[in-house]
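Q: Respectively, the protein sequence lines represent chains Y and G.
Under the working numbering, residue 546 is the last one in the first sequence; the count climbs by one each step, no gaps.
Under the working numbering, residue 430 is the last one in the second sequence; the count climbs by one each step, no gaps.
Fair warning: there could be bad hints in the mix.
[Stated by the list, open to error] Not the full set, but computed from the structure, chain Y residues with beta-carbon under 8 Å of chain G:
1. Ile63
2. Val184
3. Leu308
4. Thr312
5. Pro322
6. Val326
7. Ile332
8. Pro340
9. Glu345
10. Arg346
11. Leu348
12. His364
13. Arg373
These are calculated hints, taken from the structure and not from any lab test.
A virtual CB, placed ideally from N, CA and C, is assigned to each residue, including glycine.
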Amino acid sequence: MNPAVHLDSITKRFPGVVANDDVDLVVERGSVHALLGENGAGKTTLMNVLYGLYEPTEGTVRIDGAPQEFDSPRDAIDAGIGMIHQHFMLVDPMTVWENVVLGNEPTTWGGLRVDADAARESVRELSARYGFDVDPDARIEDISVGVQQRVEILKALYRGADILILDEPTAVLTPQEVEDLYAVFEELTDQGKTIIFISHKLGEALRAADDVTVLRDGINVGTVSTDEVTREDLAEMMVGREVLMEPAADPREPGERVLSVSNLHAEDDRGVEAVSDVSFEIRAGEIFGIAGVDGNGQSQLVETITGLREATAGSVRYLGEPMDDVSRRERIDRGMAYVPEDRQERGLVMSYELTQNGILGSQHDAPFASSGRIDWKASRDHADRVIEAYDVRPPDREVTAESLSGGNQQKFIVGREFERDPDLVVATHPTRGVDIGSTEFIHDRLLELRAEGKAVLLVSSKLDEVQGLSDRLAVMHEGAFSGVVDPETVTEEELGLLMAGESPDDESVETARVYEAAGDGPHGGPAADEDDDRRNGPAADEEVDA
Amino acid sequence: MSRIDAIARSIREFLRTFVDLSVAERLLISVAAIFLSVVVGFFIILASGRVAACETAAWTMPVTGLGFCYDPFQVYAVLFNGALGYPFAFGEPGLFNPDWTPFNLSLGLTLSETTLLVFTGLSVAVAFRAGLFNIGTQGQLVVGGLATALVVVAAAPVFPTGRLGGIALIVIGVFAGAIAGGVWGAIPGALKAYADANEVITTIMLNFIAANIAYVLVLEVFRAEGSSVVATQYVPEHAQIQPWFFPGSADFAEAALLAGVLFVVGLYVLIEHTTFGYDLRTSGIQPAAAEYGGVNAKLTTVRAMTLSGALGGVGGAVWVLMSEGRWIASVPDLGFDGITVSILAGNNPLGVFPAAFLFGLLKGGALEIGFQTDVPTELVAVLRGLIILFVAMPEFFRMIGRYAGLDGSGPASGATDDSAAASEGGEADA
């Protein structure tokens, strides 16, 4: 029997770059195949060839053994291929069934009217057949990201897809939703569908796939069955060298209080309260983690701390001083580094070259500016240093930010912010979209910053990341902390429950202690009393729960 | 060796400013737009020559034998050659006209328009770079010009009438114009920053307010005695910017053009090489990133509009001190033409000069066409409109480029129009 997909020595060249070099890929019908690789390994390019977005320079695409020539995704869809992009392409105010049939609506009245009943019925039927549990009449904006993803899959199935390509499908999901997605994979393959998903996460490739193909620098390093391979093997295949899998975080004694947030409230752009009564503090030499599903107020909390958003109530104190009337620029100058969540909107000016991006935030300060004039030479040297130290590819300060891949954009931002010599580092999703080699490096740098006595606020939706690096870990749900836990002892299930806003069984979570956040003294409260018994003694501390 | 490397590098850095992909692309688009509008204009001249009535055909189309009242070749020859004062002699032995002198009236008129458009073009360009659409340069020019005329007339008795006194008066007058224009520009800037009022609307409205307030003020208070038009007194002769070589009737002074060039260079340095310029550009391109980078968006808006207004005001000052010698109610549309100049220049200060010169040529050429031919000068306005039309559709040229295979659909092109393609390209890059 022919394989469902056979990419036969595909080469895709762009001017000056070979994105895929003689890549073979064989995917059997009814299997789940993971395409694993670091950023820039050529995974997405390869899948775009399969989906008809790119024409291969050389090589043949075979579907069920028959060679195909796709001029556009339309041809690929006709051949039974569906692709679910990382960013969903759904119309938010419309219902599920409307989104699913959009562009292929069943009609009556000679094509003048959409046959809503037939459409709804066929969506319901599809959803039931694969056990999707999706309400056809729900609006997209009202359903969770995990369900939205299922709607995307329904869209592809509705168009007759037998082969589904998913680009980084787990990037936006909670752990529970990820499990649900794996169940969906199983249901789909049981019914003869074939799934290819792109990932740079080892764990998920091992967990969800039958076979894994690893790409590195545009070359197929090998295809292996997940039964016969370990994490370490895969990591080595991806990176080309041995990789240390766990960040080595040894606890340190934290020092002076750097940031304290008390009873903070903030609103989102629509004026809806997004942060409700959040209090915590971070000391020098400490990493405070905030976990949670995206969109639970983390962004607003961080923006309020970094000076991009005004608090509606409560206060932020930094290095002992209230920050109410301190501008964003002043906060930068006082040593607040910030890796923003939205790198393409905020963190980088997309049409600027890296040189110009390298001074964003420091454009007023020595050595990049003196008496109002920018020293482009110093700026170029700085960009070169960041590019070199953080392995930004391509290593060319003259390329614009928009021409870098997402992971390399992120590395550049992280490098720029970490090199500021800050007192406080606010890092939101610092490794989102970053390959494991660089993730490891960024994690090491975060730990180094901690060792240098910096305070770090780490916000991430990657549980292993926040859990592995943080000294204390808060979970945020609907604008409030649903719990502050000890990352050493908490389990993934308990975190998942906290992320969903449910309070786990009290005994099962060792609730970590936070000290009084209402910093009253200019120097962070009574001096020596708390430091020593912070970790072990409940004496002066306050228990926090949901 | 490393020394040579360093020198080679810095030369390369310097040259790169001019071959920057986006700059080169814009340049290409502007040149293509001019070329296309000449081609399309050719047919419009033919068509209007077909419907016009004339005794004998000025041009007969080969093969078909159709006659046309206007000869497009002649129109273009008169337009561009005439605007320079006929340096070329068509049909004569030898390409150049032996009687041509550079300091002729036609070229003077062309350069006079060029000079004024340099200032208004810069005014619009600065606002554009900050992401602000200043339609109000016209009003800023009106206000600035009036302030210049009034201040110079009032201050003239205090200063000696010699050369130095004249220079002092000119400097004072230009400053007065800059301040008045700056204030007039700051108003919509502040309204935008602190009251969220759309600057397109407010600047348009302030144009009317400026024109009418100035008109009433001059009509009722500052009108020169015995003047048949609504105009102020003339500023004294020695306080007018006088030409060195050109005939006085051209209303052009080389010193003003030189100042314009200095402004172009100064603005370029300000935008590309200062912190203020960095803040301004960043706010213009990506306000959220500017905010992240500690740029005070409100203050930058006000500052950019003030600077833009001040440049418009300087344009008004030059108009008064170089062209008219007084403020007169029939203010030409220099501010509006500044918008077209800026667009053609891709909002780059360095591009403003050639763009202003092109529009100066069209102005000077239009006058020549009026003198020399039966062709209505409105056709030149059509040509100007066509240029802007084509410049305003860069996507059209990109499309042509793609079909011609000029575009390397890969990472190097950094496809801006398609974010998906951009990230894909980047992926392939590494």
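Q: Does each hint hold? Answer for all of them.
A: Hint check results:
At its closest, the beta carbon of Ile63 (chain Y) sits 22 Å from a beta carbon of chain G; the interface hint therefore is violated under the 8 Å criterion. Hint on Val184 (chain Y) is violated. Least Cβ distance to chain G is approximately 25 Å, over the 8 Å limit. Interface restraint check for Leu308 (chain Y): the shortest CB-CB distance to chain G comes to about 6 Å, inside 8 Å, so the restraint holds. The restraint placing Thr312 (chain Y) at the interface with chain G is violated, with a minimum CB-CB distance near 19 Å, outside the 8 Å limit.
Because the closest C-beta pair between Pro322 (chain Y) and chain G is about 19 Å apart, greater than 8 Å, the hint is violated. For Val326 (chain Y), the interface hint is violated, the least distance from its beta-carbon to any beta-carbon of chain G being 11 Å, above 8 Å. The criterion of a C-beta within 8 Å of any C-beta in chain G is met by Ile332 (chain Y), whose closest approach is roughly 5 Å, and the hint holds. This hint holds: Pro340 (chain Y) has a C-beta 6 Å from the nearest C-beta of chain G, less than the 8 Å allowed.
The interface hint given for Glu345 (chain Y) holds, since its Cβ lies 5 Å from the closest Cβ of chain G, which is under the 8 Å cut-off. A least Cβ separation of about 4 Å between Arg346 (chain Y) and chain G falls short of the 8 Å threshold, and the interface hint therefore holds. Using the Cβ-Cβ criterion of 8 Å, the hint placing Leu348 (chain Y) at the interface with chain G is satisfied: the shortest such distance is roughly 7 Å. Among the interface hints, the one on His364 (chain Y) holds; its C-beta lies about 5 Å from the nearest C-beta in chain G, closer than the 8 Å criterion.
Because the beta carbon of Arg373 (chain Y) sits about 5 Å from the nearest beta carbon in chain G, less than 8 Å, this interface hint is met.
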